Structures are given as structure tokens and as C-alpha cells.
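Asker: Here is what each chain is made of, one letter per residue.
There are 2 protein chains.
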Amino acid sequence: MEIRKIYLSEDEIPRQWYNLAADLPTPMQPPVTPDGTVVTPEMLAPVFPMNLIEQEVSQERWIDIPDELLGMLCRWRPSPLKRALNLERALGTPAKIYYKDESVSPAGSHKPNSALVQAWYNKQFGIKRLTTETGAGQWGSALSFACSLVGLECKVFMVRISYDQKPYRKILMSVWGGNCVASPSSETQSGRKFLEQYPGTPGSLGMAISEAVEAAVTDKSGKTRYALGSVLNHVMLHQTIIGLEAKKQLAKVGIKKPDVVIGCAGGGSNFAGLSFPFVHDKINGADIEIIPTEPQSCPTMTKAPFAYDFGDTSGLTPLLPMFTLGHNFVPPPLHAGGLRYHGMAPLVSQALVEGLLNPLSLPQLECYAAAVQWARTEGPICAPETSHAIAAVIREALKAKEEGKEKVILFNYSGHGLLDLSGYDAYLSGKLTDYEIPEEDLNAAVKSSLENLPPVEAKKSGKW
Amino acid sequence: MEIRKIYLSEDEIPRQWYNLAADLPTPMQPPVTPDGTVVTPEMLAPVFPMNLIEQEVSQERWIDIPDELLGMLCRWRPSPLKRALNLERALGTPAKIYYKDESVSPAGSHKPNSALVQAWYNKQFGIKRLTTETGAGQWGSALSFACSLVGLECKVFMVRISYDQKPYRKILMSVWGGNCVASPSSETQSGRKFLEQYPGTPGSLGMAISEAVEAAVTDKSGKTRYALGSVLNHVMLHQTIIGLEAKKQLAKVGIKKPDVVIGCAGGGSNFAGLSFPFVHDKINGADIEIIPTEPQSCPTMTKAPFAYDFGDTSGLTPLLPMFTLGHNFVPPPLHAGGLRYHGMAPLVSQALVEGLLNPLSLPQLECYAAAVQWARTEGPICAPETSHAIAAVIREALKAKEEGKEKVILFNYSGHGLLDLSGYDAYLSGKLTDYEIPEEDLNAAVKSSLENLPPVEAKKSGKW
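Which chain is which? The protein sequence lines are F and H, in order.
For the first sequence, my numbering begins at 1 and goes up steadily by one.
For the second sequence, my numbering begins at 1 and goes up steadily by one.
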């Protein structure tokens, strides 16, 4: 019988995270303020605990995962590596398709890999309460789950329109003891201001971030911090456990290296998690094609410039060096909400500048077609974000078929779609369309967002 | 590090199902028609394919699982055996709590274990199309999934009120290519009659069964059959793969036998699946307490008589020998929809008559409290049905603590609750209540249901 599921036992779990910053040939450029001042660790201290800030700026290649935390991660980790044997057969491809199944976490995605770590380090630092924002609720539910395990209070500001229209992840948060309010709320000064300025507003991620950060930094006890689910270096770091496990699992079936590594990228964390350990190998000479995928209508990696831009849409965060469509860019209402982000994690962006990655943008309808083919061959219902990895996998598998090559394709199955079924319904009933974003609209968003911000040069070693 | 997840590789999957009928000391009594005629295999042939009817009436102890089918089951099987280490710690119990995680199947429960087998045998028999009914949609989605893998058409009659109010499992069915219509529909004679008699009716499982069976038996091509998700002997048989795997997995961590085996029981299939291999051991002398659990407000095993009764609520099926509250009994609107069944599988019922089982009924609020404790310790969100197993596990673990005994408790984690979050919401916002069913109401339902039906004696060997 062909083996479809490759497990690691708990005592084979990786005991260190991998930090790509140590290996990038050109050093990462620092975050700055709008006047160009370099942001120091001390400046971040009111927002994040110092132990996570240390990870954020670390240049160490390997960072130990504390034993107690490993034990907690083992609730769902190591995650299975699975082979998509039936999709292979349906495509008639000689390629072998493997995937890390990150949908097995209690919150249903890779998000808890960092949420639990952040909650744990905050707890170690003496913090009592975390705040965050959430759109559709993936990150808010992952952080609620993590706080419930670690013993922290969790406050989630959820964009009001999602709060009203997508009750399911809100219920998840309550089950895990999270305190979720619709944003803008009357609980913060910025929330009250938004409500006064825009009565009846559906809210936005930008407003929710403002509220969450305010709620963290204005707590006079000093025991509240803020947590972010993607983009930052330490979040990428925590997710590398995915790729490190995958390497051990591939070795178990005699595979020395994958030929192609694929992950969808919104802020970049699930893609980075799987791929960075393989980017390490590529830097050291391995021949691996590494493909981050994104929606054609939010083409951060394929059409945007590398620039200093705000991490959020309302200009509260430091400026990060990244590929960005501009913080004013409003992506169309894609079902893959996790991929509707204007920027890209600085670490992913720098790997891209170096030429280590081959990004691919995909239309929504092709992704849903891939998701349905997946469900009818392999069985599970994938998240709309994950469908952007699967569509690329199918393209690569068909290319391998044309070329007659027995490639090994590895991808990140970042989450299930059981709480995102309405997108499938819209697709199956013919109500979905692709979105064409005119070049001039992209350019206008970039221009309006970046015109008063300090410039940054895309520095690269020229090796790739 | 303590091991929480015990895996079997695909080549360790059991290659035979276990048939409890071969080992029950008192032979099973046959299904009959209302005039007392014994139902023969031939009489069932318009409804089920003969290869499944042979399993239904088989007295063989072990029945081979065909290799091709094993390969297909390996999409999600063997399922993991997991240890609930964090619940143990939270309870401070010396008991070790293990569970089979059946939520890992694409449909999210144990149901595909039989759905796929039934679809495969129908396909082998030359059938092109399966029909079934579904309430909330668990079984309908499992069968749609199974038919999509095997290449059969699938027609699901879904109770109208669920069709309108619970769109999510309906969408699942479409993703897997199932054709789901609200029942009563205008597609069958019985559906049209119901619509004429009761305009605007919310529908019922009874009506939906009538439509599904009619759609199967009236197809003139002879290529359509009907499929049932619980109660029948062959469904119990297919589910025994759960318990057979669990035995191998317990052996891997050096456990010769569990002390307590627990599963919730609606029609009985997930309970039977885990427990029957251990009932076998108990018959052969092992000291194991085997506990099927049920809602206090639908107390089939703890308060109902053993009698011949219809399997459905509208009196279409043969009469089955079972514990039954009467087919006229209407359980209160529990969130654990899968446990709202008036009867109990004949095989489970006969094991109960023999004294091999220790059934337990539980109030809904205690079960939701257990589900929330589970989510906040172990992490995952369980199905409301599964919470009836977890509540019993907690009782047993606390008993072991009182007694200071290191018991091994094994239970069936029959499914996740990600599509049943509204029940959690109602519980957390204090809107749920327990239901008290007065004794006289139970008696009246039994009496009105059974008064014109042939009697049956509860025969037992007296060994337990």
C-alpha cells in the first residue's frame, strides 16, 4: 500500500526555530519612523514584550524552543505530512505531491503556531492580557485559543461587518474564553472617535488595529501587550517549525529535497513557515523552486514596488521595508480574506529582492476550481487562502507531466475551509467572478500611499 | 516528553471487520413486518444491494475488507489515538484518558467509515445512484463525499427546516457533488402528497426517509439504491474498524486493555464502532466497563422497553428488535441532533439485554460544560453529540480520582463541532436549558407507538 501519511512522534519535534535573517546575503534593513529614524527595541517595548522583541531583531540562525512550550505545541504538532496520491492520479502526473497539514490545529490553521508562542512569551514576561485585532476571525480565534492554554486574558477587536456577518469565529473565540468586541467600539478613545466621525461605519482592520494597540499601551498596570499574527520577523520565525518538520518527514520516505515548494502568502507567515528552511538550503546551493502565491487582484509580490510602508492601513505602525501595493490600496472583496493584505513580510520581501523566490499570482476562479477538485479527489475542504497554493500545485504537477519529470512538489495546506463555506456556495452557483485591477489603479494606490514616506533601496547580493 | 498521539501506519490498518453477531450468546432476533412475517434478504433487495444484505445477515465473526476499499479508507484512516493529557491534569485524575479521533475524516465524523464502504459495495453491485435522507446534514454530507470518491450519483433529501436554517452541510454536499433537495420535495409521489396535505410543513426525518426510499425503489433502471447511516448491522460492522485500530494503538503504548470504554449513542454506530471489539473481549472474560451514553431527554437505553418497532418515525421500515421510546416519540430540540433517535441499533440493544453494557444518560448542560472544558484544556471544539461521551469521561476520571485508581479510559471522539457552533453560543449566553421528560409522556409515546405491533421477548443468556 502506498503511504499517504508521514508522522513524526512528539520526541522528533524540532527543538529550534530557524531564523532566515542570519542567512540572507544582504542584511535586513530596519523599520523606521515616517521621519526616517530607525526604530529601536526600546521604542517597541510598550507594544510587545522584550523577549519577543529580541527574537524580532535577532541575527542568530537557530533559536531554542523552550521545553515547556514544545510540550504545549505537541497538542497538535508535529503536524502530519501527507501525500495527495489521489490528486496525482486524477492529474495523471508523474510528480509526487506532499503537503503539511496545518489544518489539524484546534483553530484550524497554522496561526496557533505563533499565537501559542507569543502568548507563552508574554506570560513569561509577566503580562496578564493580550489585545489584538481580527478581520474574519482566524487570528482572533487562534490567539483566544492560545491565551486559554497559557492563562492570559485575550481581548479581540473584530471588524464590525465581520462581527455582524460572520458569527462563527466569534463564537469560537468565546468558547476559548476570548473577549471579542465589534470595532469600532466605545471601549477606546480611538474607537469612540471613529464612531463619532463615521456613525454606522462597518469598521476596518485599520480601525481595529488602532483600538487594539491603544488598549495595550494605555493600560496603566503595564501588564497588557499587543499581538500580531503575521508580517513581523518573530512570527515568521515561529512558523518555521512547519518546514523543519517537513524536512524530517521527507527524509523518512527517502526524499533528500523537494523540487518545488509552494505556499500562499498574505502577510507571509504560512509561506515563510514552510519555505524558509528550504530557502536556507537554496542559499547553500540546493536546486529548489520556491513559489509564494497570491491573488491576481492583490498582486503584492508580482506587481508592487519594494518600499518603506506602514504595516497597517491607517499608518500607526513603524515603516517596514517590503513589497507593498500601498497602505491605501483596498483589495476587492475576495473570499480569501487572509490574502487581502497590501504588503508582504519584510523577510519574505528581502528573499524576493534577492531572487530566491518565484512568486505567482492566480485568479480567484481557478483557485476555487482547484479547491473543488481537491475536495472531490483528496476529500477535505480547504480554506480559500489554501486554494491559492493548490491551484499552483496543480499547474506545477501538469507542467511535470508535460515535461515527463518525477518532481517532488511540497506545499503548505495552511487551513481548512469549514468556516468559509459561503465562498464555495457562491462559486458553485456561478456568482463569483475574477477581478481585474487596472494598472493605473495599482499605480495610483502606490503613489498616494508612499509619496511622503522615506525611500528605501532594494539591496541584493546578485547571487540569484 | 509524554506521548499524546499514537499513530498506525497505513499497512497496520485492520484488514477485517468484526461482527459482534457471531459472538452474542443469544442469537439476534430477525426483523419482521407488522404482521409478524420474518423479513428475508430478498425482501430487502429493492432497497439495498445484495452484497450489503449479506453483511447485514452474516454470522461470520470476521469479514474481509477488500484491498481497494482499504486503500480508499486510508485517505483518513487509521485515525489517531490521542491522549487527553491536559484534561487529565486539569481534573487531577490518576486515570489515563485516550480517545480515537474520528473528527479527522473529511466529513468531520465517523460517518464516512460506513458511507464509503456502502458506496463502494453499491458500485461493485452495478448501482449508479444512491439516495438517502438527512436531518442536520452529517450523514448526507458523508454519503456525498463517499459517492464522489467512488463515482456514484448521490441524492439527498434534507429535512426542509434544516435545509433552510443550516446551509453549511448543504454546501458541503454540493462541494462533493451531491444533489441535495429540501424535503418534502415535488420530486416524489410521497413528497407531493406531504406538500398537499401539509402546505408549508417544515418536513421531518420520516417524510425524508419516505422520499429517499421511494426514489430508490421506483427507479425503473434498477440502478438506484438507498443508504442508511446507522442502526443496521452492516453499519455497525463497518464502524468496528475504529475499535480494532484502537486495540493495536493501545498495545503500542503497552496497554493490554482499557478499564472503561465510552461512546455516545444515537442510532449506535460510533459507540458500536469503538466498543464492539472490546465487547468481544468482555464476552471472553476481560474486565471492561462499557458505557454507551445518551441524552437524559431521549433515554432510549436507560428508560425504554425492548420491543419490535419501526426504525423510522413514519412506519415504513421493517420492525427491528430494540430498545425504543416508540417511533411516535418526539425528542426535545437538543443540539445533539444525532442523538435524537427513538430507538437503538439491534446489535447494541441485544448487547444491552445481555448485560454487557452500562448505559448512562446525561443532561445537556453538563455535556456543554464538558465540551467547553475540553476546548479550554485540550483545544478542539467537539460535536454536541461527542460532548455526551466527554461528560461521561469526566465523571469516570473523577471517580478514578476518588478511588485513587490508575484506570485507562478510552472513548470515541466521534466528530468536531465546527458546523455546530450555534449550540455553544446558546450555552455560553445562558440560553440553554435541560429538558425534563415526565415519565407519563415517555409511557404514552411507547404505548401509542407499539400497541398494534407484534411483541418480542428480551432473551438473554444470564451470563452477565
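Incorrect hints may appear among the rest.
As the list claims (entries may be wrong) - To give a feel for the contact side, a few chain H residues facing chain F, derived at Cβ under 7 Å:
#: 1; residue: ILE3
#: 2; residue: GLU10
#: 3; residue: ASP11
#: 4; residue: CYS74
#: 5; residue: SER148
#: 6; residue: VAL253
#: 7; residue: PRO380
#: 8; residue: LEU418
#: 9; residue: ALA426
#: 10; residue: LEU428
#: 11; residue: LYS431
#: 12; residue: THR433
Bear in mind the hints are in silico, worked out from the structure with no lab data behind them.
No experiment lies behind these values; they were computed from the predicted model shown.
From the three backbone atoms N, C-alpha and C, an ideal C-beta is built for every residue, glycine too.
Asker: Provide an ascending list of the numbers of those earlier hints which the structure does not satisfy.
Answerer: 6, 9, 11 and 12
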